[in-house]
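Protein chains in written order, with the numbering used here: chain A, 1 to 165; chain B, 1 to 182.
For the record, the hints were derived by calculation from the structure and aren't laboratory data.
Each residue gets a CB set at the ideal place from its N, CA and C atoms; glycine is no exception.
Covered stretches of chain A (in silico footprint by chain B; criterion: 3 or more residues with CB under 8 Å from a CB of chain B, positions within the stretch not fixed):
id : segment
1  : 68 to 81
2  : 86 to 97
3  : 112 to 125
4  : 130 to 143
5  : 146 to 154
Calculated Cβ distances over 10 Å to all of chain A for the following chain B residues:
id : residue
6  : A30
7  : D33
8  : Q36
9  : A37
10 : R42
11 : G64
12 : E65
13 : I66
14 : G71
15 : G74
16 : S82
17 : A86
18 : P99
19 : S122
20 : E133
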Amino acid sequence: MGIGTEIDGNGPHGRGPLHGVPWFAACTEEQLREVERLAERLGVQAGEVILREGRLGRELFVILTGTVTVTRAGRVVNLLGPGDYFGELAAIEAAPRSATVTATSDLEVLIIGPREFESIMAIPGFRNALFTGMSRRIREADDRLAAYAERDEGERDDGGRDTAL
Amino acid sequence: MGGWWGNHAGMRGRIGRKKCTVVSTLGREATVDRLQAVDQLRDCTRAQLLEVARLAEQIQVAEGEILTKEGRIGREFFLILSGTVAVTQKGRRVNTLGPGEIFGELAALNPGSRNATVSAISDVDVLIIGPREFATMADIPGFRDALLKSMASRLRTVDARLAAALDDGGAPTHSSDSSDPQ
Numbered sequence: 001m002g003i004g005t006e007i008d009g010n011g012p013h014g015r016g017p018l019h020g021v022p023w024f025a026a027c028t029e030e031q032l033r034e035v036e037r038l039a040e041r042l043g044v045q046a047g048e049v050i051l052r053e054g055r056l057g058r059e060l061f062v063i064l065t066g067t068v069t070v071t072r073a074g075r076v077v078n079l080l081g082p083g084d085y086f087g088e089l090a091a092i093e094a095a096p097r098s099a100t101v102t103a104t105s106d107l108e109v110l111i112i113g114p115r116e117f118e119s120i121m122a123i124p125g126f127r128n129a130l131f132t133g134m135s136r137r138i139r140e141a142d143d144r145l146a147a148y149a150e151r152d153e154g155e156r157d158d159g160g161r162d163t164a165l
Numbered sequence: 001m002g003g004w005w006g007n008h009a010g011m012r013g014r015i016g017r018k019k020c021t022v023v024s025t026l027g028r029e030a031t032v033d034r035l036q037a038v039d040q041l042r043d044c045t046r047a048q049l050l051e052v053a054r055l056a057e058q059i060q061v062a063e064g065e066i067l068t069k070e071g072r073i074g075r076e077f078f079l080i081l082s083g084t085v086a087v088t089q090k091g092r093r094v095n096t097l098g099p100g101e102i103f104g105e106l107a108a109l110n111p112g113s114r115n116a117t118v119s120a121i122s123d124v125d126v127l128i129i130g131p132r133e134f135a136t137m138a139d140i141p142g143f144r145d146a147l148l149k150s151m152a153s154r155l156r157t158v159d160a161r162l163a164a165a166l167d168d169g170g171a172p173t174h175s176s177d178s179s180d181p182q
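Use the sequences and the hints to build the structure in full.
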């Protein structure tokens, strides 16, 4: 992956930034320790490419601090920040990455590898966050698709309007 | 859940002096046999499938019947055992689903109105799982994986269609809603 340095585990009070991430809000202390045990923390520098469209990879990433862009075929499709996750599709079922993710600031991420993914999905708080997140993304994408379909129909009804860009 | 599914139930009869409705014409073991034939559930143990059969209700739906209606509130999700359904949004067919495929899960996970109408285009056997059972189902690894894969596949499809729509139509209005922390 060519990404940066390992970060020491917990913060000064023995509680890592996981507590600040809404995704883990539903987890008990014990579950959070389990997540820490199963996941790896990594620091990434601004500008680094974390995932590349078309490449193979199985890890799921959760952003602890920092921001990324998600691009597909060169087009920015999303901006993500603390508490957001990415890489889940290939973690669920092996397939080439469907988008490129690039750090737009220095970044701290939690990485969950394929072997740990199954175990971490047994943690209800974590699992619910993933399910809820995915269902929300599906709804939003469906709505955007519906909006495009309607717009296209509207243009056709206008009969021959010039749509050259 | 008895309500409007009652018309699609199996036999009506009497036990003693009480009228009752037999909801499924198959016993639980027979349901498990059907489930084992579902490709997406092949990683489930028989014990796990028995649990699924216990938590879910099995219903037979006739061709032409509507299972979910766009805009209506609904909390159940469905697993197709046999048959085919059409998924439409605003009158436009967006998908066709068959055995082993899941639908309705969005409203089970995120309460809200159904974002599509699903209707049977053949006679269909479905399992219906209520929102209260959802959490228990998600505890069954084989079933959880099937659900995750179904959602992942759906995300891939809709993302690909969006990309195609953007290619046809030009620059998207970028939505920053998805960037909210979860």
